[in-house]
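Trainee: All chains, please: the whole structure from these sequences, using the hints.
Protein chains in written order, with the working numbering: chain A, 71 to 426; chain B, 71 to 426.
Treat the hints as calculated values from the structure; they're not laboratory data.
There is no bait here: all hints are sound.
Just so you know, same-sequence chains aren't split out, so a pair can sit in one copy or run between any two.
Subject to a maximum C-alpha distance of 20 angstroms in a straight line, what follows is the list of computed EDC-like cross-link-like pairs (lysine to aspartate or glutamate):
(1) 329 / 298
(2) 265 / 147
(3) 149 / 268
(4) 251 / 297
(5) 353 / 326
(6) 329 / 297
(7) 405 / 198
(8) 251 / 407
(9) 353 / 318
(10) 251 / 294
(11) 158 / 119
There are 2 protein chains.
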Amino acid sequence: MSAGNRSYRIAVDCMGGDKGPAEVVSAVRLALGDLGANDKLVLVGRETELQPLLDKARLAAHPQVELRHAGEVISMDDKPMQAIKSKKDASMLRAFDMLKAGEVDAVVSTGNTKVLVGAGTLKLRTIEGADRPTLVAIWPRRQGHFIMLDMGANPDATPEHLVHSAILGSLYARATLGIDKPRVGLLTVGTEEGKGGERINRTHSHLKSVGDSINYVGPVEGYDMFEDAVDVVVTDGFTGNIVLKTSEGLFAMIMDLVKVRLKRNPLYLIPGMLLVPLLRGVKSHMKPEAYGGAPLLGLSGLVIKAHGSASAPAIASAIRIGRNALVADLMDRMKAELAVANEKVRQAHHAAHKQG
Amino acid sequence: MSAGNRSYRIAVDCMGGDKGPAEVVSAVRLALGDLGANDKLVLVGRETELQPLLDKARLAAHPQVELRHAGEVISMDDKPMQAIKSKKDASMLRAFDMLKAGEVDAVVSTGNTKVLVGAGTLKLRTIEGADRPTLVAIWPRRQGHFIMLDMGANPDATPEHLVHSAILGSLYARATLGIDKPRVGLLTVGTEEGKGGERINRTHSHLKSVGDSINYVGPVEGYDMFEDAVDVVVTDGFTGNIVLKTSEGLFAMIMDLVKVRLKRNPLYLIPGMLLVPLLRGVKSHMKPEAYGGAPLLGLSGLVIKAHGSASAPAIASAIRIGRNALVADLMDRMKAELAVANEKVRQAHHAAHKQG
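Mentor: What follows is the structure, encoded as structure tokens:
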């Protein structure tokens, strides 16, 4: 998988993000310091745009930076099937091709999530035992962080998909948050057994039957997440995406409410100014650039998705997240543990049917 | 339905809330000033507990306050079917009996939501055309408020249920927020048609076909809600409940993060103290006691649910919300508009089948 002995090649899709390729090149500059001496970043995108940016950033002759031309760009409005057919030379798709061919070990992209998921699934395939990819997000809580998945790759998740998410998320939390036995919770509307409907009940019993592979602590509710009750929150991509966007919207609104009140009343001018670092601290706790990338787990290759509007530090962090996952040998471990867990679900399923 | 000409009787379930009957009696005292001169509040609960509280609050001989004894209490752990069978004399169930018998015009309760929904459905039945009740919440946005439903009464909502929610919520927004043509949005994961899965697509076309009854503006995402884009947000009870609880948890955490930082750094002591009214203002905007009650729409009788941990002002507001709904003749209007809308969905459905 890796090009040399513990050295890695990461393709960076430079196009398709909201802030354009200049932001990505700045990110590359930031990320280089944290890579291994033999690691390489392969920048994929339009040469006519990237070359001047590399020259300007004095990265054109950098031994760890390569440029790979791709003539087209996936836009935020593109649909997966259509894009794959009509934009074969798009930077995102070229990066997938390189990953599939073993020319790189990971792909980092700020591009269109839907195309990333769709084209990733078609070009790279999912790993044995995971039917669909799942998008991870790292969320802040009072102390530290927790992982939530799926953030929108698979809106119609079945109980089996949710079990795969639990296993993949658990492995990921171990690799990135450094938690030995991450506590896994299933997001639902009430913690008593039987609440939340048929799909939640079936997922709950599946999760109990894979007890060894994951540290499943049971159902959790929306407010439990911020209370250090679990490290991995499992939900379907519909709920996860809505919860993520509602939370982003709510947080932005609260900050605005504070700002508007600070400005409206001149008495608040001085105390408000004194509190600027405090509010900035809260803001940085809530949107940690240190966790700027979310991996698309379950694909046979390592793909890291950065936010469409990610800044250079956030994209640099996504590159770092990619490298850390490679160092932790995340992909091979995921394949092995997923196979074990699937076997257990199958056995439990058979046992239940024999009884019934 | 009403006992006299424009005068109303409202049953108040005094038991089963987290703060006990004393809080409810305080709420009654607060609410009395806002009622009509001939309106009556019927306090339902254990006489041995309520009578001393009424004496103490000098409400024992109040012409607008009645006491109705009920020997049992629904706890937060009770299950609907079990509670209906084994706790026939529970205050919540007695209040439903009175509503069904026409002795009161509305019920206000702080009790167990699941039992309220289950027992309400069994005892009162749903109105013609609404298969399931739906729980409304009023949410703050930057300016004013919007309505979201369902908050958890019906986790497995079908497209038809979601259409009923849209109609009921629209009527309710008109009656309570005073908006002439409330804009209705369908909560999903992306605003392009086709995103969000089969259930969202079918709901979307149903909603378009009832265009006259509601002002449907299309799909909305989590962050749109806070941007004055819609007045009524429609979602299933699973997503709605999780979004509600996540938002509550997130807001509490942000306030805690601010408080912890204020305390940790002595430099923040003075500016922090000066900003106390500001933070209190934000808090009261986010949790407006003025909207302390959420009606359980779709039942044949008017039931207002107050939060389990509601304070006296919030419960008083729930009583007020109940009376306003009676004054607005909400129930009869809902029945009429729901019948019209259902007929339109049926016609659109037939037309689509003939074409297909």
